[in-house]
Amino acid sequence: MDKLEKRLRAGLLENAAVEIRHAAVWQLPVIGYDATFKRVKRLKMDILMKMLLLTFQQADIRRAASLSEMLLVEELFVADLIQKMQRTGLIRLEKEGYRLTAKGYEHLKRGIFEEEMKEEETELFYSPAHDAFWTEKVRGTEKERPLYRYARDRSADADQMLRALAEREEGVLRDGFQTVVAEITNFNEQLTEHVLCLEFQLYNKEQDLFYARVWNTALNRWDETLEQQIEEQERLEWRVEAEKLLSD
Amino acid sequence: MRELGLDERSFFSLEESFKVYIEKYPQTADRLISAALFFDNEANRRMTEKNKGLVVVMHCVVEKNRFIATNITTRAAHTAVQTNWRRPVFLTFDQKAQSVPIGLLSLIHEMPVAQESSAYVKKRIAGWEGYLTIQERDADIADILTRYSGLTFNGDFSRVTITGCQMNEKEWKSLKDLSVKIKGLDGDIGKVLKANPAARTVEVELHGHMIERARQQRFHASQKEVVFSNFAALSQVKRLRQGFKHLENGLAANPDLERILFEKKPPVRPPKKLAPLAFHNRLNDFQKKAVTGAMAAEDLYVIQGPPGTGKTTVISEICLQNARAGLRTLVASQSNLAVDNALGRLLANKDIRILRVGRTESIEEEGKKFIEENVGQYWKDHTLQEVSVQFEARKKREAEIEEQWTANEKEIEQLQPMLQKAETAVETKKKAEKVYSDIQSVIDKQEKEVRQAEQELQTTQQHVRENERAVHSLHASIEQDEVFLHEEPASGAIQKEQEAIEQTIQRLKHAIACDDLKNEVDQKRESLDQVKAQCEQLAEALKKADAAAQKAASAKRIGGLKWIMLEQNIERSLRIGHLMDEIDDIRTEMNQFSKLKAYNDQLSRAISYVEKLLAPHRMPVDGLKQRAAGMTVSYTSDEIDRFLNELREVIKGSQNADPRMMAPYLGGLYSRKYFVWKKAKRLKPYDVYKNIAREIFQFLKQEILAQLEQKHLENETSYKQSLRTMKEQETALHSLQNKHNQMIASGEPIPNAKEILQQNEAKVLQLQKKQELYKQVAQRVETNRNEQLKRTEQLRTAEQKLGQIEVNLAGLQNTICQKKAELVPLNEILSTQPEREHEKLLKEMASLSFTRESLKQEKKKLPLFQSVQEKWLSLLEEASEHDLDEIRKLYVKHANVIGTTCVASARKDFIDHYPVFDVVIIDEVSKATPPELLLPMLKGKKIILVGDHHQLPPLLGNDTLEETLQEMTGGSQDFDGKAELKNLLKESLFERLFKSLPDSNKTMLAIQYRMHEGIMEAIAPFYEQETDGLQCGLLDSDADRDHLLESKTVQRGNHLLWLDMPNEPDFYEERMKGGKSLYNPAELREIGVLLKEMNEAAAQAKQAGRMKDNERKSVGVISFYGEQVKKLDRLIQQELQLPHLTIRTGTVDRFQGMEMDVILLSMVRNHNNKHDDIGFAKDYRRLNVALSRARELLVLVGSTKMFTERTKQNDTRSMYRHVWNAVEKQNGLRTLEGVQPHG
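Chains H and S supply the protein sequences, listed in that same order.
So that you can map any letter, position 80 of the first sequence is 80 in the working numbering, and since no number is skipped, the others follow by simple counting.
So that you can map any letter, position 717 of the second sequence is 717 in the working numbering, and since no number is skipped, the others follow by simple counting.
No lab work stands behind these hints, which were simulated from the structure alone.
Please note that the accuracy of each hint is not assured.
[What the hints assert, rightly or not] With a Cα cut of at most 27 Å, we get these calculated DSS-like pairs of lysine-lysine:
#1 Lys871/S with Lys103/H
#2 Lys684/S with Lys595/S
#3 Lys181/S with Lys860/S
#4 Lys173/S with Lys183/S
#5 Lys173/S with Lys84/H
#6 Lys205/H with Lys176/S
#7 Lys183/S with Lys84/H
#8 Lys44/H with Lys684/S
#9 Lys205/H with Lys701/S
#10 Lys556/S with Lys595/S
#11 Lys95/H with Lys176/S
[As the list claims (entries may be wrong)] Derived, one-sided and incomplete: chain H residues facing chain S with beta-carbon distance under 7 Å:
#12 Leu13
#13 Val40
#14 Leu43
#15 Gln57
#16 Glu75
#17 Asp80
#18 His130
#19 Gly176
#20 Tyr211
#21 Leu236
Please read these numbers as outputs of a predicted model, since none were measured by experiment.
Ideal placement from N, C-alpha and C gives every residue a C-beta, glycine not left out.
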């Protein structure tokens, strides 16, 4: 810890014009969640093609324009795809309209088919200060430190969690198959972890600038969200204090 | 060929016909035309396959009927084959062909020589060299490598300062704007912002993705070496040069491009005729004109868009119209920011497929969604939204349809009986119409008959009247004639009288004949006497003639003959004349002879006298004689006379003188005597003449006698003739006398017979006339009686007819009356209008049926649409990145609006993907230099330029080109084309095109919607020169642009304010140490105060409910000077807390294209230096941009005295005076507390 602080300080002070007016270490509350979710494995299939195949099953369609009207998709795209599907033998034009061929049925079936995978469990972390999920595992600190002074009391919603998870789990394509997070079946709030943060209040005397730097140990970076929150609240005060000090 | 591994025949048989581009080489006088055939390496597939895509070029000499290939070469596959200087043809190489077609030969003859066209363009484009020279000024820099000691980041990691750099002086100077790469890190980290050689530091502005890296402290490199490189700038200039080259080589998509760019009157083609466009956006008239014009133009259209006039709306509409017409559009602009702004504001419409092309890291947020990797997502979001809107709407629609269906049915039910009623009414009316028209036609016929009968009546009446009159007049005439006949004597009496007179006439005529005969006898006697006298005369004449003949015969001398000739009046015939002339001639000669003889005698006498005188002196007389004989002189008779006289005088006067002095006279005498002799010698001897004369005299006499004889004969004949006549007349006289005697015996003579005869004849004539008249009258009476009878008969008939017609007429009138009465009830029916009602009802019915039908369709379709769309929505929602792959490809393939910067449009990969666009729209044209504009222009068949030359021109860093040029000239750095560049800068390409194009190819958007009209007033003068000026499109400026703020300085009604800074030392500008940029601390201070005041006012507005709680007023704080902006930034960030405002700062130049609710303009300049002026603030275009950014409120902060009085140039002063006046008029002048207002 000390080593980290030392290193950060050294880095900051590399600029001779900068002085550290104040430094602090505190902890940022991050809520952990246990979540169970399901993934499905399905063939990668273009959605428009899938939709066209489905529609041809359902209605008599001869012209790309009618599909374009129904799906609100550019006629060109539809026409292009119809051509492609005709060429590859997925559909053929019959008296009433386009019809799926045996190959087309097969293809659609595979495209619709989703292999449900086993339910999985995972841990997720939500930072109310950032209003964001962190998908990496967060290791909280054991030591008691003061809490982040602008910590906010809010919790995550399931949609946000699903999006974060989907993003994290965005599967790579394997043999034309992809695995997609389909739903979160269950989630429970766990313990709140406390992430250690190192705060420096800086002054650039050359340019007469006050600013904050906060090192977030969970993200391993200078955290601009937290810096901004602090600056917004305190920057004017720092200046007033400094001027007071000067005049004293 | 060998290289290709093909022999001639197999090469030429590769394709049936080759697509070839012909380039003509320059011609020389003494050689045949030569040309190159470029074989297209795209169209000629088999050929291309064979030779791995190389371009085959065949160099040929063009002869009268064939091409001779002189050389065949190949060029790299990417070589341009099709250029504007070459002509495409399809050629078949046939060995059996006799000759090259004439069409091909004439094509080659008429086509331009490629090199000449290139040279032409090169010459013209040279005028643009200056721009490149300026940009190249510092571009040619080798990479600079240096070690460094450390990196320090600023507060928000947007900049890094590299410390401990080691470079030479020149390197330090050339660092600005170079890209920075740190060894060991991938990619450039950013661009040099500022170099400080003294501190050995370089400040670098970091690229976005590098900021993230810096925050993670992943900036450590083991080597600590940094490379500054000018690669980006250099490649930019290279691309610009390449643009020049492409134009030279005829590679512009529009073959007329160079002429449009360079000719004084751009030769644009006349616009197409278009059907009226259906606009998707709501456009004002100017915008409509611009869109229509842009669509109709064939090659170039220019739109001038002053601030806030909806340029982007116009661009958006043009893109949409193009997309609907199946055209692909390139939207280009000078900066990435402008491209992204333009694309971001385009309408989301499924017909427009926008693709942003460029380096991802330099694309702004607004453009990001259009880059290739994001368009799938963009498409999904857009489609999802559209479908869900429709889906939701249709959900409600189901009930609506049912409701409408019922209503519709009910209405139809109600309408049905009404319609039937109306139909019946119409039917009745139709029938009535039929009957009516039948009756009417009967009436018409009857009336026609009446008219005819009436006419007949009239004629008959006329007839009757005429006959009556005739009968009457005949009667009168007969009566008169009868009276006459009665009174006149009968014709027998006249006859008798006439006969008596005739007898008298006979007698009279006899008497007259007697008299006439007696007269004739008298006359005859008289003429007989005359003849007798004549006879006697002739006898006398005969006697006289005989005497004359005798006299002539006896004539001895010529004179006698002449006398007879005169006496007898003998004609002087030719022969007589001739003979007499001859006699005259002989007489003359004989005279001369006697004269000469006389002189000879005289001279001889004189000679002998003189000889006698001289004899005693023994003078040598012989010598004199000889000399005189030898002389040839001539003398006239007068001269001889004179000489002799002289001699006589001499002899007389010198009785005693020496006779020897007479010797010369003797000589003269001899000589004259010789002369006379000589003369005499020439004449014939005198007797000869005499004989001749006598002979001639005899001839003459004979002639005269012959004539006299002739005359005698004639006289004798006429005498005999007279005698005969006399006898005849005597006989005639006797017979006449006999006759007369007989007549006298048969009747006594009557005196005055002639007179009496005349009287009697007149009488007879009268009687004859009378007789005639009597006959005529009698005849007339007869005729008239007959006529009278006939007329009377006619009269009776006519009267009868008249009666008939009258009866007939009465009958007709009666019928008409009856029929008319029948019409009356029909009229009532006809005056109603059931058709209108019927038609209205029919229309209603039709519309109801239509609605019903469409409802039916909708009803039928609805479940299908709903289910399909529901499925579609779910598919879209759960679509993963992979599922959108295909869509993304389709989207890119069919992208029809491509956005990129001017310079990026010349990148190789871009050119490969998009060689040509149907339309190229260039936005913010005035901010780009001509070489930059050329790049996208090269790609467009049609070019649309959008800009405003009254806003800022191209910038290099913070300076305009003029400012840069001024600076360069100051440094006495000279370069080619500086003069030309100066000229170009006077009037930008955009301005020149805008001014020189015909009205059909340009528009100014003259209605602005951004600024409150009070703010607009400040910039109005900049557009005064334009046809329509600048107008405000806001219907109610005060309501639409209410800033809602109330404070000490700003009232609700204020929109244009000027906070006056005193022109005093406390408020003067200051200069950065070691820099040239200016700032103004007093203005900083006042702006700080103002911002706090506004923040407060916004808070109050929220409290008062004028503003929403989460709302923030957008405020732009701008300045002419970069240093001031930096200081403003710091001030706002460090010293102010303004939660109710959203603040953006920037230089005026950076703000072009942006708009904010409130703008504070820090004007900085304030001094009392007589030699200094107001710098950047002088340019009216910069002022225009500064004043036109605010929607609701504009506050100028600066010294009114400095700008309206102390400014050097008149123009600039009046420009700021206008602003000041506008401010004053709107009560917007503010002064600092405790300061007296200026002016």
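Hint by hint, here is what the structure shows:
1. Of the supplied pair hints, the one linking lysine 871/S and lysine 103/H holds, its CA atoms being roughly 22 Å apart against a limit of 27 Å.
2. With a C-alpha separation of about 14 Å, the suggested pair lysine 684/S and lysine 595/S falls inside the 27 Å cut-off, and the hint holds.
3. Of the pairs offered as hints, the one joining lysine 181/S and lysine 860/S is violated, with about 66 Å between alpha carbons and a cut-off of 27 Å exceeded.
4. Between lysine 173/S and lysine 183/S the CA atoms are separated by roughly 22 Å; this keeps the pair inside 27 Å, and the hint holds.
5. A distance of roughly 60 Å separates the Cα atoms of lysine 173/S and lysine 84/H; the hinted pair therefore is violated under the 27 Å criterion.
6. At roughly 25 Å between alpha-carbon atoms, lysine 205/H and lysine 176/S fall within 27 Å of each other, so this suggested pair holds.
7. Distance check on the hinted pair: lysine 183/S and lysine 84/H sit about 48 Å apart at the alpha-carbon level, beyond 27 Å; violated.
8. Restraint check for lysine 44/H and lysine 684/S: the C-alpha separation of about 167 Å exceeds 27 Å, so the hint is violated.
9. For a cut-off of 27 Å, the pair hint linking lysine 205/H to lysine 701/S is broken: about 177 Å separates their Cα positions.
10. Proposed proximity of lysine 556/S and lysine 595/S is supported: the alpha carbons are some 26 Å apart, at most 27 Å.
11. Of the pairs offered as hints, the one joining lysine 95/H and lysine 176/S is violated, with about 71 Å between alpha carbons and a cut-off of 27 Å exceeded.
12. A distance limit of 7 Å between C-beta atoms decides the matter here; for leucine 13/H the minimum to chain S is near 9 Å, and the interface restraint is violated.
13. The beta carbon of valine 40/H comes no nearer than 10 Å to any beta carbon in chain S, farther than 7 Å, and the hint placing it at the interface is violated.
14. For leucine 43/H, the interface hint is violated, since its Cβ never comes within 7 Å of a Cβ in chain S; the closest pair sits about 10 Å apart.
15. At about 10 Å, the closest approach between the beta carbon of glutamine 57/H and any beta carbon in chain S exceeds 7 Å, and the interface hint on this residue is violated.
16. The closest approach between the C-beta of glutamate 75/H and any C-beta of chain S is roughly 9 Å, which is over the 7 Å cut-off, so the hint fails.
17. Given the 7 Å rule on beta carbons, the hint for aspartate 80/H holds: about 6 Å separates it from the nearest Cβ of chain S.
18. Among the interface hints, the one on histidine 130/H is violated; its C-beta lies about 14 Å from the nearest C-beta in chain S, farther than the 7 Å criterion.
19. Evaluation of the glycine 176/H hint against chain S yields a violated restraint, the C-beta minimum of about 9 Å exceeding 7 Å.
20. A hinted interface residue such as tyrosine 211/H counts as satisfied when its beta carbon comes closer than 7 Å to some beta carbon of chain S; here the least separation is about 4 Å, so the hint holds.
21. Taken as an interface hint, leucine 236/H checks out: its beta carbon lies about 5 Å from the nearest beta carbon of chain S, inside 7 Å.
When held up to the earlier numbered hints, the structure conflicts with 3, 5, 7, 8, 9, 11, 12, 13, 14, 15, 16, 18 and 19 and fits the remainder.
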